[in-house]
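Asker: Protein chains in written order, with the working numbering: chain A, 1 to 284; chain B, 1 to 568.
Watch out, some of these pointers could steer you wrong.
Said to hold, decoys possible - Okay, derived cross-link-like pairs now, EDC-like style, lysine to aspartate or glutamate, Cα gap no bigger than 20 Å in a straight line: (1) B/Lys347 to B/Asp383; (2) B/Lys369 to A/Asp283; (3) B/Lys369 to A/Asp274; (4) B/Lys144 to A/Asp283; (5) A/Lys127 to B/Glu430; (6) B/Lys369 to B/Asp332; (7) B/Lys371 to A/Asp283; (8) A/Lys212 to A/Glu237; (9) B/Lys508 to B/Asp463; (10) B/Lys371 to A/Asp274; (11) B/Lys347 to B/Glu396; (12) B/Lys445 to B/Glu396; (13) A/Lys127 to B/Asp420; (14) B/Lys152 to A/Asp283.
For the record, the hints were derived by calculation from the structure and aren't laboratory data.
Next come the chains, spelled out residue by residue.
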Amino acid sequence: MDTRDRYESDFDSEWCPGCGNFGILEAMKDALASLNIAPHGVLMVSGIGQAAKTPHFLRCNTFHSLHGRALPAATGAKLANRDLTIIVNSGDGDCYGEGGNHFIHAIRRNVDLTLLVHNNGVYGLTKGQASPTSTVGMVTRIQHHGVTSDPFNPLAVALTLGCGFVARGFSGDREHLSHLIQAGIEHRGFSLIDIFQPCVSFNKINTFVWYKDRVERLDPLQERAPDDRQRALTLAEQTGDRLPIGIFYQEEKPTFMDRMPGLAAPPLVDRHYDAGRLQAVLDS
Amino acid sequence: MATDITVKIGGAAGQGIQTVGAILAQACRLGGLQVLAVNDFESRIRGGHSFVQLRISDRPVAAPSRETHLLVAMDDNSVARHGDTLDPRGRILCEASNRETEGRTVFLPFTEMAKGVGGRILANTVAAGAALSLLDAPLDLCRKAVAEHFGKTETGRLEKNLAAVEAGHSAMAAAHAAAWPVPWQSTAPATILMDGARALALGALAGDCRLAAFYPMSPATGIMAHLASLADRFPLAVEQAEDELAAANMMVGAAFAGVRAMTATSGGGFCLMTEALGLAAMTETPVVIVNAQRPGPATGLPTRTGQGDLLFAIHASQDEFPRFVFAPGSPDQAFAVMQRAFELSDKYQVPAIVLVDQYFNDSLFTIGKWKSPESVRHYVVADGDMADPAAYRRFEAVPDGVSPRALPCRGQALVVACSDEHREDGHISETIADRNRMVEKRNAKGPAMMGEMTPPERYGDPDGLMLIGWGSTLGALRESVDLLRADGLTASALHFTDLWPFPADAVKAALEGARIRVMVEQNGSAQLGRLIREQTGIDHHGAVLKTDGRPFYPADIARQAAAMAKSA
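Extracted from the complex, chain A is given alone in its bound form (with noise of 0.2 Å):
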């Protein structure tokens, strides 16, 4: 039997024939596979979207949560439970957007998730507004004469902040994305996996064939981590006619945990009620 099947979930499907979305699906079912790690041994949080959907459509526990809170509910929950294993699905509204305060405070914590965001530059759920990453002059429904503000650059933002993990994939590349799942995974503290997608139905502009054309993987996985943060930030700065996708940069801090030393394991989860504990400050 192939380990994959145990992620497969008879919940139908909700996603247009040619959303990008299925492609990340697969990629994260592949990262899981490799990793071995089981249905019940991830959290998968996510906001409202048709991105925030995924977790529906695969085993695994679920809490899928209000449109742009994602962050603030897998940081909870880590808090409670410090060996939990989580990936966000947010998407580029959702995370950019609603939950752009979020997006900035849970990388400085440093949080240990891994953050997919499913960026199709565009509003899909809600049928086709602009989104923090649309491209300007896109035409919607709401904005006719076109977007005006300039696009929301998550990868230069990531790396201004600090973030530890920082990279980009493409819906349309599978395996390549499953590696850096995989590697987001893996790393101890909060990866940014910022995943270009098409949406069929309400982006003309960014399509399948838009994106095929321009993106590029930056280098076979090579097995040192990237870790120059000025290149990182000049390649995240091309949004151009080339898109770089791979491991943008990578470096290894204290997380959100590590660097509260009273919350060292074993999680908080496990901890026990004192009374004792509680008399010698009602008597102090």
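Once you've looked at the hints, dock chain B against the given chain A.
Answerer: Quick look at chain B alone, frame taken from chain A:
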């Protein structure tokens, strides 16, 4: 004749008013007296006007009194502000050099004396010593009070403050006899001084809270400051979030993963948290939210008190779902209510909201000893409790609505929860059957939740005039009843700590016989009165309402209520 003295210390923010109050409060405690210290301050760090008023007695005090017996004025503005509250025999202690006593005003050069013992910053401690002398406190009690207050600071600082309090005390004792015969005792005190915020923090620990996520907001921050100071000794994480949305969602995420979690905020922060409240309800994740109320709307009066969020707390968030709402009236009640909030939220898998306010959080109360609970019961299941973990459904439709709650990544059972409407197994669903099933299931918890509610408590005679209130006005209500009865009226108070689910049957029974029902609330529309009318059909006859952000004085309540009784 019982002792009942009010000392008011007034000055500008930054003059150390609260320190004077704290030293006096310690002296009272160590001297075997009861004290209630109420802080009044503005939303600023320097300047303006703030004051502390201490009500001192040999009997328990649970509300402030307007009449001032000793006004310690750290600046002239304080005399202008509070001079008119002085009792006929009241005294004013003021800063001035080389000035003779003028009638009831006594002068001492606090700052000059402070410089003599170590620096102008000690002026407030000098004033504290002088005030205690006027209150007939022995010097050695003053020294003990200072040691108790400054005990944990660096050594030099304590010595200087001891010298300062002695200087103030001696100078005053040499020039003036004590103004009032306060019965200071020398036996070891059996009481503790506690601010309301600390009572809530200790209650949270007694409820086995392990995650407190918050965003700073007056007057709630003190709760988190107390928890943070204790966190090293407990399995507790205190995390300051980037905003209230993060705080509330962290709380839900942590509870989902298996620990008791809470947040504390004020009305504006609670506004931001309402969606997360709904998330907790939809995913049936237990959480405790403390709303320390202050006047609004919007930024309102950040450092003042109010009770304007009762109906908001009961109805907050879109659509409908069961929840608990509590409002403790004293530190003792707060310690108990927090434990109940965590317990019941866990047991029924619904959110619990605890309403307090600035008056409660920032006042210093005299309390007795508390006991920690022997054990804390948790309401979760694991693989071992299931016939087939692989078939576990988090939202199984059980008759009482409380589906067995497993935790993620603790065994084979997969836990799936989402904020959309869902199937029993937690996956998204829009079908009519699933929607109706889940709405019914969530609501099915209602009757049992109602069974957990404590009816309002009555104090006083069953018939006649009834003062009805909730939350932190407990002390003021009871004292108002005492004042009314002393004037010959038949009066009682009915005080609510459990607001939702609303125990309508018990309330109807409690209201029976009360000839005149008068609401006493710190909001503009008598929100509890509206709730009682909605839930029982019984209306009130009048209301004593206060929306100026300051705490109630019992005499004011009694006067207004008596007038209503006369004209009824």
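Asker: Does the alpha-carbon distance linking B/Lys347 and B/Asp383 stay inside the 20 Å limit?
Answerer: Answer holds: B/Lys347 to B/Asp383 is near 19 Å, not above 20 Å.
Asker: Are A/Lys127 and B/Asp420 close enough, with their CA atoms no more than 20 Å apart?
Answerer: holds, 18 Å
Asker: Has the given pair, B/Lys144 with A/Asp283, been kept, meaning a C-alpha gap of at most 20 Å?
Answerer: Holds, at about 19 Å.
Asker: Do the alpha carbons of B/Lys152 and A/Asp283 lie within 20 Å of each other, as the hint requires?
Answerer: Distance ~17 Å between B/Lys152 and A/Asp283 Cα, so the pair holds.
Asker: Given the hint that B/Lys369 pairs with A/Asp283, does the C-alpha gap stay at or below 20 Å?
Answerer: Judged against 20 Å, a Cα distance of about 7 Å means the pair holds.
Asker: Between the alpha carbons of B/Lys371 and A/Asp274, is the straight-line distance 20 Å or under?
Answerer: holds, 13 Å
Asker: Quick one, are B/Lys445 and B/Glu396 close enough, alpha carbons at most 20 Å?
Answerer: It holds: about 13 Å lies between the C-alpha atoms, which stays within 20 Å.
Asker: Given the hinted pair B/Lys371 and A/Asp283, is their alpha-carbon gap at most 20 Å?
Answerer: Cα-Cα ~9 Å, so holds.
Asker: Checking one constraint from the list: CA of B/Lys508 to CA of B/Asp463, max 20 Å. Satisfied?
Answerer: holds, 14 Å
Asker: Assess, step by step, whether the Cα of A/Lys212 is no farther than 20 Å from the Cα of A/Glu237, and give holds or violated.
Answerer: holds, 19 Å
Asker: Between the alpha carbons of A/Lys127 and B/Glu430, is the straight-line distance 20 Å or under?
Answerer: Roughly 18 Å separates the two Cα atoms, so the pair holds.
Asker: Straight-line Cα separation of B/Lys347 and B/Glu396 no greater than 20 Å?
Answerer: holds, 16 Å
Hint compliance for this structure: every hint is met.
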